[in-house]
Amino acid sequence: MLRIGTWAAIGLAVWMLADQQANAIGFQPVSPEELKMTSEPLAPGAPAIILYREVNRDDNGHTSHEDNYFRIKILTEEGRKYADVEIPFQKGANDVVNVYARSIRPDGTIANFDGKVFEKSLVKGRNFKYLAKTFTLPDVQVGSLIEYYFTYDYHEYALFDSHWVLSHELFTKSAKFSLKPYNGSYDNPWRIQWTWYNLPVGTKQPTEGADKVVRLEVQNIAAFPSEDYMPPENEMKARVDFIYNDEAFETDPDRFWKKYGKKHNDQLESFVNKRGAMEQAVAQTVAPGDSPEVKLQKIYARVQQLRNTTYEEQKTEQEKKRENEKNLSNVESVWKKQYGDGYELTWLFLGMARAAGFDAHGVMVSDRYNYFFNPKIMSAHRLDANVVVIKIDGKDVFFDPGAAFAPFGMLPWPETGVMGIKLDKDGGSWIKTTLPESAESRIQRKGEFKLTEEGDLEGTLTVTYTGLECLQRRVDQRLADDAARKKVLEDEVKASIPVGTEVELTNVPDWKTSAPTLVAEFSVKVPGWVSGAGHRAIMPVGLFGGSEKHLFDHADRVHPIYFEYPFQRVDDVSIVLPLGWQITSVPAPQKVDLHAVTYNLQADNDKGTLHLNRSLNVDIMLLDTKFYPTLRNFFQVVRTADELQAILQPSGTKASN
1 MLRIGTWAAI
11 GLAVWMLADQ
21 QANAIGFQPV
31 SPEELKMTSE
41 PLAPGAPAII
51 LYREVNRDDN
61 GHTSHEDNYF
71 RIKILTEEGR
81 KYADVEIPFQ
91 KGANDVVNVY
101 ARSIRPDGTI
111 ANFDGKVFEK
121 SLVKGRNFKY
131 LAKTFTLPDV
141 QVGSLIEYYF
151 TYDYHEYALF
161 DSHWVLSHEL
171 FTKSAKFSLK
181 PYNGSYDNPW
191 RIQWTWYNLP
201 VGTKQPTEGA
211 DKVVRLEVQN
221 IAAFPSEDYM
231 PPENEMKARV
241 DFIYNDEAFE
251 TDPDRFWKKY
261 GKKHNDQLES
271 FVNKRGAMEQ
281 AVAQTVAPGD
291 SPEVKLQKIY
301 ARVQQLRNTT
311 YEEQKTEQEK
321 KRENEKNLSN
331 VESVWKKQYG
341 DGYELTWLFL
351 GMARAAGFDA
361 HGVMVSDRYN
371 YFFNPKIMSA
381 HRLDANVVVI
391 KIDGKDVFFD
401 PGAAFAPFGM
411 LPWPETGVMG
421 IKLDKDGGSW
431 IKTTLPESAE
441 SRIQRKGEFK
451 LTEEGDLEGT
461 LTVTYTGLEC
471 LQRRVDQRLA
481 DDAARKKVLE
491 DEVKASIPVG
501 TEVELTNVPD
511 WKTSAPTLVA
521 EFSVKVPGWV
531 SGAGHRAIMP
541 VGLFGGSEKH
551 LFDHADRVHP
561 IYFEYPFQRV
571 DDVSIVLPLG
581 WQITSVPAPQ
591 KVDLHAVTYN
601 LQADNDKGTL
611 HLNRSLNVDI
621 MLLDTKFYPT
631 LRNFFQVVRT
641 ADELQAILQP
651 SGTKASN
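Here my numbering is used: the first residue of the sequence shown is 1, the next is one more, and so on.
None of these hints come from the bench; they were simulated from the model. Glycine included, each C-beta is placed from N, C-alpha and C at the ideal position. Treat the hints with caution; some may be incorrect.
[As the list claims (entries may be wrong)] Simulated crosslink set (DSSO-like; lysine-lysine; CA at most 27 Å straight-line):
{"#": "1", "residue 1": "Lys258", "residue 2": "Lys391"}
{"#": "2", "residue 1": "Lys176", "residue 2": "Lys237"}
{"#": "3", "residue 1": "Lys81", "residue 2": "Lys91"}
{"#": "4", "residue 1": "Lys237", "residue 2": "Lys81"}
{"#": "5", "residue 1": "Lys274", "residue 2": "Lys336"}
{"#": "6", "residue 1": "Lys446", "residue 2": "Lys607"}
{"#": "7", "residue 1": "Lys425", "residue 2": "Lys376"}
{"#": "8", "residue 1": "Lys116", "residue 2": "Lys129"}
{"#": "9", "residue 1": "Lys446", "residue 2": "Lys486"}
{"#": "10", "residue 1": "Lys237", "residue 2": "Lys376"}
{"#": "11", "residue 1": "Lys376", "residue 2": "Lys212"}
{"#": "12", "residue 1": "Lys425", "residue 2": "Lys391"}
{"#": "13", "residue 1": "Lys422", "residue 2": "Lys446"}
{"#": "14", "residue 1": "Lys494", "residue 2": "Lys512"}
{"#": "15", "residue 1": "Lys626", "residue 2": "Lys549"}
{"#": "16", "residue 1": "Lys258", "residue 2": "Lys274"}
{"#": "17", "residue 1": "Lys336", "residue 2": "Lys446"}
{"#": "18", "residue 1": "Lys391", "residue 2": "Lys422"}
{"#": "19", "residue 1": "Lys274", "residue 2": "Lys263"}
{"#": "20", "residue 1": "Lys274", "residue 2": "Lys91"}
{"#": "21", "residue 1": "Lys259", "residue 2": "Lys376"}
{"#": "22", "residue 1": "Lys422", "residue 2": "Lys258"}
{"#": "23", "residue 1": "Lys487", "residue 2": "Lys432"}
{"#": "24", "residue 1": "Lys494", "residue 2": "Lys549"}
{"#": "25", "residue 1": "Lys259", "residue 2": "Lys525"}
{"#": "26", "residue 1": "Lys432", "residue 2": "Lys237"}
{"#": "27", "residue 1": "Lys549", "residue 2": "Lys525"}
{"#": "28", "residue 1": "Lys204", "residue 2": "Lys237"}
[Said to hold, decoys possible] Ranges of calculated distance between the beta carbons of each label pair, as one might list FRET restraints:
{"#": "29", "residue 1": "Ala93", "residue 2": "Ile647", "range": "56 to 62 Å"}
{"#": "30", "residue 1": "Ala93", "residue 2": "Glu169", "range": "20 to 26 Å"}
{"#": "31", "residue 1": "Thr251", "residue 2": "Glu492", "range": "46 to 52 Å"}
{"#": "32", "residue 1": "Lys512", "residue 2": "Ile110", "range": "50 to 56 Å"}
{"#": "33", "residue 1": "Asp266", "residue 2": "Thr640", "range": "57 to 63 Å"}
{"#": "34", "residue 1": "Met230", "residue 2": "Glu502", "range": "54 to 60 Å"}
{"#": "35", "residue 1": "Thr640", "residue 2": "Pro200", "range": "37 to 43 Å"}
{"#": "36", "residue 1": "Glu643", "residue 2": "Pro44", "range": "35 to 41 Å"}
{"#": "37", "residue 1": "Thr251", "residue 2": "Asp393", "range": "39 to 45 Å"}
{"#": "38", "residue 1": "Glu448", "residue 2": "Gly115", "range": "39 to 45 Å"}
Construct the entire structure; sequences and hints are all you get.
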């Protein structure tokens, strides 16, 4: 990584001049008006705004690259945080190079960035890892300008990810975007078209100039607010997406997807059609007397035992060559090599299921991690995941053994409740994957505690994660060590209890299989859970209400409400009181039933033992903003119920506790 400020002043000046001549973007002149600015009428109260932004992408050459420039005005003390810059990128898809930055003080003097650019991890997913290049600009004050530019260097064949994202967490006063489309030298040239979403009112659509460059100029882009439980940002932000195709574009979506279905069915059959090899693989996996369900379970488990390269740390091409990993041409080669990526392993399961006599079909689906699928957008790359559908007892059951840790008959959450094309020789047919009910993705907490004379709770807690709750934790922690996994589970318990808590994981959960449950056992101490009030002691009954304590606090909502999947929380807690203590009253049962969301709380007195049963069901995936007040009110009721109290009568003088 090249860094500013490491050369002598005269050498630096010559170097920067030469570099800026080689790049389309460089530092911009500073105007007195920008230095004097103290606020922006279109963004009242904003801590900072983007004065100018420019994005120039070039899809030609061996790899695509994109130059980005930002000029930000710091308006308040809070806005100084934007001196800490994060430039996100996706490992294996692109990299950030040629980072240059400076800050301009309110008096117009300049402080060049001469520090170090660091790299940190942001998010890990099934087949990606988001990182960020980070650095801190020097001497940033209220009234300062900060300015930086950099280049995204894309992986080969990244044409399919060309896009402009206009929205930013800050208000943008002015921005320019350009794309120089790929114009390769093949006999059948690539064609490009583009679609846009949520552009600011009055913005002219992107247009292609005589020089074949697509351009867009935009003013006054509203700040994009980030909210908890909102749909994928790509679905909500102002953006322009570019689609490449080596064939003439269809204008009719039905014809487009029929052509897609035929093409991908041919590719699938070419990959899967190894009947003899698959029959041998099945014979090595199942017993002749196995029932059909047992056969399918054994095939599924055997495929998941194979090495899945999708979930490994990403390797360079040189590392792959050293390990002699070759591209796999069909299911027979996957079986012989005993490894494959998630995509290939799912098709291997399809081949084996067919060889075992099942009515099985391949399905291309659009996961909803980044987008909600719309067939009117004719982009083949929106169908970016593959699953298998098998008819069992007259019902369609979906499988994705290429998704690590997915239990038999369950898909990862981004593949649930989504549209896909069930492939066949006629072009396929639309189908929708199932969305599991809340009870199928459950966190169940069973606590057995004793109350001490001092008002502390001490005891054991068993947490059982089921379905998608179990699957997601195994995927997230697949590359972590035991210490990191232990901390994650302990922190989760601490977050669920709304006071300071001592938590120690006492067992070793099963992290490495696709079992439908993950069980964690803890030793727990909750200091001061019971407080004194005269001759009485007061105990809140919502021991595990911390997770919902601040959920949907805000009165206003901008985006729809989006839960990744329906879920359930079930708590069963027993608290044994000290000898001589009595339970004088418990709260009345609480029940709120809005059909899509339900809450129940029951407190019972059983001869010196307090039993607490609590359940929360959320059977929602996507909810329109207009229903936010109802949902918010529901969770306010939940919080109020969790704060209800049982009244205890301590023995003797212990009431002072």
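Here is how each hint holds up against the structure:
| no. | hint | in the structure |
| --- | --- | --- |
| 1 | Lys258 - Lys391 | holds, 23 Å |
| 2 | Lys176 - Lys237 | holds, 17 Å |
| 3 | Lys81 - Lys91 | holds, 26 Å |
| 4 | Lys237 - Lys81 | holds, 23 Å |
| 5 | Lys274 - Lys336 | holds, 12 Å |
| 6 | Lys446 - Lys607 | holds, 20 Å |
| 7 | Lys425 - Lys376 | holds, 22 Å |
| 8 | Lys116 - Lys129 | holds, 22 Å |
| 9 | Lys446 - Lys486 | holds, 19 Å |
| 10 | Lys237 - Lys376 | holds, 19 Å |
| 11 | Lys376 - Lys212 | holds, 26 Å |
| 12 | Lys425 - Lys391 | holds, 19 Å |
| 13 | Lys422 - Lys446 | violated, 42 Å |
| 14 | Lys494 - Lys512 | holds, 24 Å |
| 15 | Lys626 - Lys549 | holds, 22 Å |
| 16 | Lys258 - Lys274 | holds, 25 Å |
| 17 | Lys336 - Lys446 | violated, 45 Å |
| 18 | Lys391 - Lys422 | holds, 12 Å |
| 19 | Lys274 - Lys263 | holds, 19 Å |
| 20 | Lys274 - Lys91 | violated, 35 Å |
| 21 | Lys259 - Lys376 | holds, 14 Å |
| 22 | Lys422 - Lys258 | holds, 11 Å |
| 23 | Lys487 - Lys432 | violated, 38 Å |
| 24 | Lys494 - Lys549 | holds, 13 Å |
| 25 | Lys259 - Lys525 | violated, 62 Å |
| 26 | Lys432 - Lys237 | holds, 26 Å |
| 27 | Lys549 - Lys525 | holds, 20 Å |
| 28 | Lys204 - Lys237 | holds, 17 Å |
| 29 | Ala93 - Ile647: 56 to 62 Å | holds, 59 Å |
| 30 | Ala93 - Glu169: 20 to 26 Å | holds, 22 Å |
| 31 | Thr251 - Glu492: 46 to 52 Å | holds, 50 Å |
| 32 | Lys512 - Ile110: 50 to 56 Å | holds, 55 Å |
| 33 | Asp266 - Thr640: 57 to 63 Å | holds, 60 Å |
| 34 | Met230 - Glu502: 54 to 60 Å | violated, 34 Å |
| 35 | Thr640 - Pro200: 37 to 43 Å | holds, 41 Å |
| 36 | Glu643 - Pro44: 35 to 41 Å | holds, 36 Å |
| 37 | Thr251 - Asp393: 39 to 45 Å | holds, 42 Å |
| 38 | Glu448 - Gly115: 39 to 45 Å | violated, 53 Å |
Comparing the model with each earlier hint shows violations of hints 13, 17, 20, 23, 25, 34, 38; every other hint is respected.
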